[in-house]
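If you want the building blocks of each chain, they are given just below.
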Amino acid sequence: MSEVEDSLSAPHRLAYTYKRSLGPVLGQFFTGLRDGRILGVRRADGTVMVPPKEYDPDTGEAIDEMVELADTGEVVSWAWVHEPRPSQPLDQAFAYALIRLDGADTPLLHAVDAGDESSMQTGMRVRARWSDEPVGAITDIACFEPVA
Amino acid sequence: MSEEKEPVEVLRTPVELDYTYSAGVSASRFLRAVEQGKLLGQRCPVDGRVYFPSRGSCPQHGVPIEGEPVELSDRGTIVTFSVNRVPSENIDLELPYAAIQVLLDGADTTLFHVLGECSIDDVRMGMRVEAVWRPRDEWTISMQNIRYFKPSGEPDAPFESYQEHI
Amino acid sequence: MRDVAVVAFTQSPSVRCEANRNETEILIPVIHEIKQQTGLATEDIGFICSGSSDYLAGQSFAFVAGLDAIGAWPPVSESHVEMDGAWALYEAWVKLQIEDADVALVYGFGKPSMGDLPRTMALQLDPYSVMPLWPDAVSMAALQARSCLEAGVISEREMAQVAVRDRANALNNPFAQVKGEFDVDALLAEPMLVSPLRKHDCSPISDGACAMVIAAGDRARELCERPAWIRGFEHILEPQDLGVRDLTRSRSTEIAAEKAGAHSDKIDVAEVYAPFTHQSILLERALGLGDAAVVNPSGGALAANPLMAAGLTRVGEASRRVWEGQADRAVAHATSGPCLQQNLVVVLEGN
Chain E
1 MSEVEDSLSA
11 PHRLAYTYKR
21 SLGPVLGQFF
31 TGLRDGRILG
41 VRRADGTVMV
51 PPKEYDPDTG
61 EAIDEMVELA
71 DTGEVVSWAW
81 VHEPRPSQPL
91 DQAFAYALIR
101 LDGADTPLLH
111 AVDAGDESSM
121 QTGMRVRARW
131 SDEPVGAITD
141 IACFEPVA
Chain V
149 MSEEKEPVEV
159 LRTPVELDYT
169 YSAGVSASRF
179 LRAVEQGKLL
189 GQRCPVDGRV
199 YFPSRGSCPQ
209 HGVPIEGEPV
219 ELSDRGTIVT
229 FSVNRVPSEN
239 IDLELPYAAI
249 QVLLDGADTT
259 LFHVLGECSI
269 DDVRMGMRVE
279 AVWRPRDEWT
289 ISMQNIRYFK
299 PSGEPDAPFE
309 SYQEHI
Chain D
315 MRDVAVVAFT
325 QSPSVRCEAN
335 RNETEILIPV
345 IHEIKQQTGL
355 ATEDIGFICS
365 GSSDYLAGQS
375 FAFVAGLDAI
385 GAWPPVSESH
395 VEMDGAWALY
405 EAWVKLQIED
415 ADVALVYGFG
425 KPSMGDLPRT
435 MALQLDPYSV
445 MPLWPDAVSM
455 AALQARSCLE
465 AGVISEREMA
475 QVAVRDRANA
485 LNNPFAQVKG
495 EFDVDALLAE
505 PMLVSPLRKH
515 DCSPISDGAC
525 AMVIAAGDRA
535 RELCERPAWI
545 RGFEHILEPQ
555 DLGVRDLTRS
565 RSTEIAAEKA
575 GAHSDKIDVA
585 EVYAPFTHQS
595 ILLERALGLG
605 DAAVVNPSGG
615 ALAANPLMAA
625 GLTRVGEASR
635 RVWEGQADRA
645 VAHATSGPCL
655 QQNLVVVLEG
665 N
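Those sequence lines, one after another, are chains E, V and D. Heads up, the first sequence is in the working numbering, so the first residue is 1 and it goes up one at a time. Heads up, the second sequence is in the working numbering, so the first residue is 149 and it goes up one at a time. Heads up, the third sequence is in the working numbering, so the first residue is 315 and it goes up one at a time.
Derived by calculation from the structure, the hints in this document are not laboratory data. Note that beta-carbon positions come from the ideal geometry of N, C-alpha and C, so glycine has one too. Treat each hint with caution, since some may be false.
Stated by the list, open to error - Derived contacts from chain E toward chain V, CB cut-off under 7 Å, selection only:
{"id": "1", "residue": "Ser-7"}
{"id": "2", "residue": "Leu-8"}
{"id": "3", "residue": "Leu-14"}
{"id": "4", "residue": "Tyr-16"}
{"id": "5", "residue": "Tyr-18"}
{"id": "6", "residue": "Ser-21"}
{"id": "7", "residue": "Phe-30"}
{"id": "8", "residue": "Thr-31"}
Based on the sequences and whatever the hints tell you, model everything.
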């Protein structure tokens with residue numbers, strides 16, 4: 001058997017753009033984001049979920065009653081990212097956080113630009129920082145920032 | 149007030165993922181040989197069939213292939229073909245040209261390539277062909293070192309000699 | 315229910331990066347070894363099922379290349395799941411239950427070192443409102459860990475104890491990647507990776523493959539002196555959205571364990587697929603393990619996490635303890651999705 005040489009290797013970039021139809025419920029959510037409004041959906045038990053879904057996760061029942069929420073809320077849990085990866089919402093250290101918006105019952109996952117880990121705390125109040133060029137995407141909220 | 153905007157109906161999500169591919173032991177040996185103008189196959193230890201390109205295992209018997217590679221001729225027989233009238237940026241032949249499956253002499257699996265220096269009216273199953281290599285100073289670690297195959301002028305191979313490879 | 319047992323298992327050593335071998339070449343010796351061990355030829359195997367991920371491989375239908383390791387001519391009865399091999403085992407087990415086959419080969423393989431794994435894992439998230447934020451797998455797990463810590467259901471010390479236990483157990487596992495004697499206080503003095511997770515809280519990135527043979531009834535007894543009989547097998551799924559789940563427990567594991575009958579008698583050995591230390595604590599609770607149960611004698615996923623094979627490896631490692639007589643009753647667990655979204659439980663018995 002001949003001796004094993006090092007394998008040849010080459011860089012490979014897989015790049016493509018998914019194009020997804022939104023349907024009525026998510027369509028309203030993303031239209032709202034583009035227009036600077038956050039919409040949740042009311043579930044059968046009266047609680048409000050954001051991001052909205054077309055179906056109640058407990059019962060599977062179709063739901064479509066949209067509810068406008070504040071762009072402020074409270075951090076429920078967070079993870080401090082020391083070194084952001086490409087495409088993540090911020091270039092400097094930040095927190096991914098579960099944020100319960102005022103008027104919602106379930107938290108939304110997004111980023112918090114707090115500058116320093118010591119500024120983060122569960123229960124802290126945050127407000128959305130909106131993108132200057134909204135397109136109808138979750139990134140129309142650039143991130144959340146602490147409310148003094 | 150700005151006029152009413154259209155509702156958002158479609159979400160576009162760009163995805164970019166970077167990988168480092170390793171060709172693996174077997175394909176690396178194959179590609180390094182191609183860089184030197186050699187075509188390597190591998191012999192199945194169970195029934196002696198020669199696989200081209202070499203790939204580390206016999207896909208029929210599911211056994212590792214660890215023996216010495218087999219060097220193959222750059223001549224062979226067209227076992228099937230199609231006529232292509234659609235331009236491709238990777239193929240510098242004039243349209244129309246024939247895309248061919250070539251059974252290299254000494255191999256038991258066929259190779260996909262293109263046929264040059266031949267009218268599409270003349271291409272046929274059983275036609276004998278030989279590789280036309282690019283100039284040596286253009287060789288890279290790629291099967292593109294063979295620019296195309298061309299008719300070798302030998303008499304056609306009998307159908308029985310390649311029928312199980314169609 | 316038809317008597318079906320795990321009768322053989324092989325795996326490759328888990329390594330951070332298989333620089334020279336491609337996915338198929340990692341798999342070839344693993345498949346060859348299990349055929350040698352059992353004496354089975356391809357034609358003796360009634361069904362073949364594999365688990366792998368195209369996103370890890372960076373190409374569509376990447377699993378087809380894996381078939382080169384099997385030998386698929388004449389054509390074989392084959393299937394594939396875009397999941398851990400443990401779910402391929404489930405499909406194979408169903409195939410044996412409906413008497414479509416008596417012997418099945420199951421395998422899983424992955425080479426995550428080719429890409430940036432924590433980033434690639436973002437593609438398993440909700441593609442509308444979560445994935446475009448590119449939360450990496452470690453950040454997602456950290457959100458869950460903080461929820462658990464602040465709810466007071468676990469402590470950082472308990473998390474470090476899991477890492478110490480699993481890495482020490484891995485000293486006996488020649489296939490493991492991260493092993494050794496560690497000290498809880500020393501680990502707790504380490505810096506945060508993604509707060510509140512430290513490096514020891516996270517499984518390594520591993521390239522690797524594994525293979526398993528299951529067989530029914532007398533075929534199982536022919537192939538193995540003491541088969542590990544599958545007495546219960548369930549997998550249960552929670553919603554994808556972290557916001558609507560209780561992150562401080564694993565409800566789906568509780569239900570799967572209950573339905574698989576894990577609680578009906580004592581468990582001697584448990585192999586738990588926990589990619590993060592806090593998840594191991596949640597899972598051990600959800601499985602209802604008693605104090606007598608030996609958890610992760612192989613070192614678990616914190617010692618080696620060959621993605622797409624690590625769940626199936628838990629079943630293989632638990633089965634080994636049954637074959638060797640160290641356990642009369644063992645439970646194996648596998649997980650998939652963010653923060654323990656989907657969980658699978660297998661109960662194995664020697665008698």
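Hint by hint, here is what the structure shows:
1. For Ser-7/E, the shortest C-beta to C-beta distance to chain V is roughly 4 Å, which falls under 7 Å, so the interface hint holds.
2. Proximity of Leu-8/E to chain V holds as hinted, the smallest CB-CB distance being about 4 Å (cut-off 7 Å).
3. For Leu-14/E, the interface hint holds, the least distance from its beta-carbon to any beta-carbon of chain V being 5 Å, beneath 7 Å.
4. Taking 7 Å as the C-beta cut-off, the interface hint given for Tyr-16/E holds, the closest approach to chain V being about 6 Å.
5. For Tyr-18/E, the interface hint holds, since its Cβ comes within 7 Å of a Cβ in chain V; the closest pair sits about 5 Å apart.
6. The beta carbon of Ser-21/E is positioned within 7 Å of a beta carbon in chain V (closest approach about 6 Å), and the interface hint is therefore held.
7. Satisfaction of the interface hint for Phe-30/E is found here, the shortest Cβ-Cβ separation to chain V being roughly 4 Å, below the 7 Å cut-off.
8. For Thr-31/E, the interface hint holds, since its Cβ comes within 7 Å of a Cβ in chain V; the closest pair sits about 4 Å apart.
Violated hints for the displayed structure: none, as all numbered hints are satisfied.
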